[in-house]
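If you want the building blocks of each chain, they are given just below.
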Amino acid sequence: MPEGRQPILELQGITKSFGGVEALRGVDFALSPGEIHGLVGENGAGKSTLMKIIAGVHTEFSGRFLIDGQETHFRSARDAHSAGIAMVHQELSVAPDLTVAENVFLGNQPTNRLGLVQWRRMAREAGEQLARFGIDVDPMSRLGDLPIGLQQLIEIARVLFSGARIVILDEPTSALSPPEVERLFATLRRLRAEGTAIVFISHFIEDILRVSDTVTVFRNGRKVAETASAATSKGALIEAMIGRGGEALEHSYSDDLMLPRPADSSVVLKVDQLSLARSLKDISFEARAGEVLGIYGFMGCGQQELSRILFGKLKPDAGTLAVEGKPKTFASTAAARRAGVALVPESRRAMLFHQEPVYKNISISILDRISALLLKPAQERDIAQRQVEQLQIRPPVVGLDLGMLSGGNQQKVALAKWLTYPPKLLVLCEPTRGMDVGAKNDVINIVRDLRAKGLAIIVLSTEPETVLSLADRILVLKRGALVREFSNEPVSKDRLLEAA
Amino acid sequence: MASSETAPAARQRARGLAPFLRSQMRNIAPFLTLIFLSGFFALASPSFATLDNLGNILTQVSVTGVIAVGLTFVILCAEIDLSIASIANVTGIAVAYFTVQESYVNIPNIPLPGIAAILLAILLCAALGLVNALGLTVIGIPSFIMTLAMMQIAAGISALLVRGQIAYKVPDVITTLGSGSIGGIPWIVIVAAIMLLGGHLVLTYTRFGRYVYMVGGNREAAEYAGLNVKLILGAVMVISAVCSGIGGMLGVAHFGSAQQNEFDTYLLDSIAAVVVGGTSLFGGRGGIGNTIVGLFVLGVLNNGLDHVNIDSFLKILIRGLILLLALIINVYAQRLREKAAE
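Chains A and B are the protein sequences, given in the same order. Using the working numbering, the letters of the first sequence correspond one by one to residues 577 to 1076. Using the working numbering, the letters of the second sequence correspond one by one to residues 226 to 567.
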C-alpha cells in the first residue's frame, strides 16, 4: 500500500457468520486509490464473502466499515453502487438477449428529453468504450451470440468503464484466452494510473503476482498474510494459503503422497484430441479398468464441459471417443448409458427426483432391464433396499421421498442409482462437495469398492483434497488444456496447485 | 440398530395429519369442489340429483374424457397440446369423408369400406401428432407454439375436406359407439371409461408410465439418468393426437354431423378437466384419477347450471371463475409440496 495516502476504503475487525458458521473472523482490510490489490485463498477461505460485504450484497456483519474515512453502512448493493463500488461476479451476469450496447449501458442508457433511448449515441459510445478495451464487435449484435470469453470481457468492460472508484473482479480470467488476459491487464494498469482502486481475486497466482501491487492471503476466514507482490513468490503464497501444521481435522495432503504405478489393465475409455469452442483444447487421455483417474483444475477450467461430453449431453467440435476400443459419438445421454458410461453431476438437484421415493430414484437406471412392459415394484424395492443397506443410507427406508434425506445421503442415492446398473465407466463430478467428514469417508470407500470391482472411474474436482483422496493418477486441466499428468510419482496439494 | 430402524416411521407418524393433508391438497381440493358443487345443485334444483341426469352428465363428458386421456400424458410431462380440438375435428371429418354420404351432400369425397375409413382417420391423427412430436423434439419448438400452429393446420385440412358443407354419415361401428347404447348404457360412456382405465393402467403400471412421471418431475434428472427424453416427449404428443382423433370420431357420431369448428369448446374443456382435477401444469404430479374428478367437476358445473335459473350469459363467466380458482389451487398446491420437500 502506498504510504501517506488516505485509504479510500477501510474495514476493521469484520466478522460474518452464516447460520453459526463463521466465514470471516476479525478481518482488517484497506484499499488505496491507484492500487491493485490481489486476494488469494482456497475455496471457502472468505475472499468472496468479504467482497460481497464491500459490494453491499451481504449487509449483516459486525465490524467497522469506512469509506473516505467516514463510517458507512450499506443497506443494499444499490447503496454500494452509488458510493462508486462495482463488482464483476464469478458467474456471468449479462443479459444475453440484449445487444452488446444495451449490456454496456445496462441501467443507465442515454436518453433524450422525452425519456426515449438514444440508440445511435448508445451504439457509438459503447463501440468506443469497447475499442479502448481492444474489443472489436458490432455494438448492435446480440450479446448471447458471442463466445463466452468475449461476453465476460464485455461484462468486465462495462464495470471498468462505469466510472466506479472501487472495482472488484472475482475470478475474471478463468474463461479468457492469454491475449485477452493481456488486454485486461493493460486496462487495469491504465485505470490504476487514473486513480481507481482495484481488487483482483484469482486462483491463478501468476496472474495475481503480475498485475497486483499488494497480495492478501485468506485461510479459514482469517487474513493470514499481506505483502507487497514484488516481495513474495508463488510457492510462499501457496504455503500461506494451505498452512502448515495440520490444524484441520481432515487429512491436509500437504505432505507428498506416492501415486501407484499405472495399471496395465484394459483401456475402457480413450479420448483423442477433444475440443469444444473456447472450453476445451485438444484433450487426449485414457481411463483404465480398476483405476481412478483424477482430473483437477480451477473453476471454469473446462471440467464440467468435459464431463458432459463424456455422457453425451454436449457435442464436441472435434475429437473422438472410444469405449473399449469401439469409436462412439454419443448422440444422447441414452446412447452414452447404453455404451456403459454413467455420470454423477455436481448438482444433486439436477440428477435426482426430489418428489419421488428413494427406490424410484435408484431403480430408474435399470428399469428397462427388470421390466419389459409392466413395472415390478416389489423387485425395484428389493434392489433398492440392498443398495441402501450396502451404502448405509440413512434413514434406510426406500419408500421415503428423496427430499427428506440429508445432502450426503442424497449423494449416496445418486451413486446407488449407478451401482445397480453397473456401468463400465463412472464419471463423478465433485463427489464429496459440501459433505461432512463421515459422509466423505463413506463416499471414498464406495469409490474404492467400485475400483476393486474393475470399473474405470473418473473423478473431476476443483478441490485438491477430493482428487488426492481418490485418484491413482491425476491430470491437471488448465484453461481447457491438459498441462500435467501425475503418475507413479509423489504428489501433494502444493504440487497440484503449482501445476494448475 | 433397532431404534434407528423405527425412528423414521415414528417421525412420519409424529409429523401428524395436517402436513399429510397439506401434501395431498392437490388431490383433496378437486374432490371437495366436486362434492360442494353436487350438493349445491342438488339443493338448488330437484331435477339435478336423478339417475337420468347422472346418465346425462356421463354422456356429456365422454368426448372430453376421451380427449383428456391423452392430454393428461402431455401435461404430466410439463408440456401442452393446444391442437387437440382441431385434431379431433379433422379426424371426425376425415372418417366422414371416406364414407358414402347421402346424395344431397355435395362433398367430393372418397367412399371406402368402414374399416378402411377408420384406419385412415386414425392414421391421419397419428401423423399430425407425429408432426407435433418432431417439431417439439427434433426442431425444438416449444409445445405451446408448435401445437398452436398445428391447431391452424388441422383446421385448414378440415376446411379443405368439407368445403363449408356438412357431412352426416360415418361408418356404422362409429355410429353405434357414438350414439348407440347397450342395456341402457350409452356406448360412448363405455368407450370413455375404457380409455380412461387404459390410460390409468399405462401411467401406473408400465415402464413408459413411470418414465412420463420422471420426465415431468425433473427433466434434467431424467436426462442424467440416461432416459431417452425426446422419445418419451414425442410419444406423449402422438398419444394425445390419437386420443383426440378417437374423441373426434365418436363426437361426430354423437352429434350426428361432421363440420368445421364443431369441437372448438373442447380445447378449453379438456385442459380445464385435466388441470381442475389437480394434475400439475409443472409436470410429474397427478394422473388419470385426477382427470376423472376434473371431468366430473366440469360436467356437474355445465349440467347443473342448466338446471338452475341463471342468466345464460352469466354461465360463461361462472365457468371462467371456477377455472381460475382451480388454477390458483394448482399453483398453491405445488408450492406447498415444494415446501414440504425442503
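There could be a bad hint or two in this list.
As the list claims (entries may be wrong) - Only some residues are given here: those of chain B computed to face chain A with a beta carbon under 8 Å:
id	residue
1	Ser270
2	Thr362
3	Gly365
4	Met439
Unchecked claim - DSSO-like cross-link-like pairs, simulated, lysine-lysine; straight-line CA separation at most 27 Å:
id	chain 1	residue 1	chain 2	residue 2
5	A	Lys952	B	Lys540
6	A	Lys891	B	Lys540
7	A	Lys902	B	Lys455
8	B	Lys540	A	Lys1000
Stated by the list, open to error - Pairwise CB distance ranges, derived in the manner of DEER restraints:
id	chain 1	residue 1	chain 2	residue 2	range
9	B	Gln249	A	Leu950	46 to 52 Å
10	B	Leu373	A	Glu704	40 to 46 Å
11	A	Gln955	B	Gly389	44 to 50 Å
12	A	Val1059	B	Thr429	51 to 57 Å
13	A	Leu950	B	Tyr557	33 to 39 Å
14	B	Leu552	A	Gly620	57 to 63 Å
Simulated from the structure, these hints should not be mistaken for lab results. Even for Gly, the Cβ is constructed at its ideal location relative to N, Cα and C.
Could you tell me which of the numbered hints above are not met by this structure, giving the numbers in increasing order? 1, 2, 3, 5, 6, 8, 9, 11, 14
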